[in-house]
Amino acid sequence: EDQVTQSPEALRLQEGESSSLNCSYTVSGLRGLFWYRQDPGKGPEFLFTLYSAGEEKEKERLKATLTKKESFLHITAPKPEDSATYLCAVQAGYTGNQFYFGTGTSLTVIP
Amino acid sequence: NAGVTQTPKFQVLKTGQSMTLQCAQDMNHEYMSWYRQDPGMGLRLIHYSVGAGITDQGEVPNGYNVSRSTTEDFPLRLLSAAPSQTSVYFCASSRDRGYGYTFGSGTRLTVV
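Quick mapping for you: the protein sequence lines, in order, are chains S and Z. Quick note: the first sequence, position 89, residue 72 per this note's numbering, numbers continuous. Quick note: the second sequence, position 63, residue 208 per this note's numbering, numbers continuous.
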């Protein structure tokens, strides 16, 4: 069964304390892995797409990496404005029309 | 630069009522989709469209209908609302299925 699991469910960091969020997946025919950020009461905001194992993408304090079984979102020296829920999604299937989201990691960065 | 616009933002329905959630995008995106977000379950795909006149079912299509008569609009119809359809609904669009989505701000629906 296709599945996307994110861990931890919640993470509290001090400002400047780097850490990583995990997204593990079991799907048939991975087409792409997506990271989104979601603020309370808003729609998700696209961050990155990764297509193949070994690929990395960076944006400000965020860096996403991909292996054959999981992806990591590394947050370097986070700031309070990085507080949000981070969602992982995979695109899979023969047609590439199947999308599966994880339940997210709620990140709180304390000043 | 409106992006993806959803209306209404909030709605309360009685069991058995029908309604249409509106979604419009101004980015000329071919790919549009509807998701529902429930606590502890993540976003789940309801229906999607790869272009005007073409729609297909996602993971949880029962109780919902869609149509796509123009590139811009992708309404979601609830045929006979049930309490299990209480959720937050998001419309999303992308230039193609392999690209990141632009999401709307959501519709919070409560069915009593």
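Honestly, the hints are just simulated from the structure, not real lab data. For clarity, every value in this text was computed on a predicted model and none was experimentally measured. Glycine included, each C-beta is placed from N, C-alpha and C at the ideal position. One or more of the hints may lead you astray.
Heads up, incomplete: computed chain Z residues facing chain S, CB under 7 Å, no partners named [said to hold, decoys possible]: (1) T160; (2) A197; (3) A227; (4) R242; (5) G251; (6) L254.
Where chain Z lies over chain S, by a calculated footprint (3+ residues, C-beta under 8 Å) [said to hold, decoys possible]: (7) -4 to 8; (8) 53 to 59.
A quick look at each hint next to the structure:
no. : hint     : result
1   : T160     : violated (26 Å)
2   : A197     : violated (17 Å)
3   : A227     : violated (23 Å)
4   : R242     : holds (5 Å)
5   : G251     : holds (5 Å)
6   : L254     : violated (15 Å)
7   : -4 to 8  : violated (count 0)
8   : 53 to 59 : violated (count 0)
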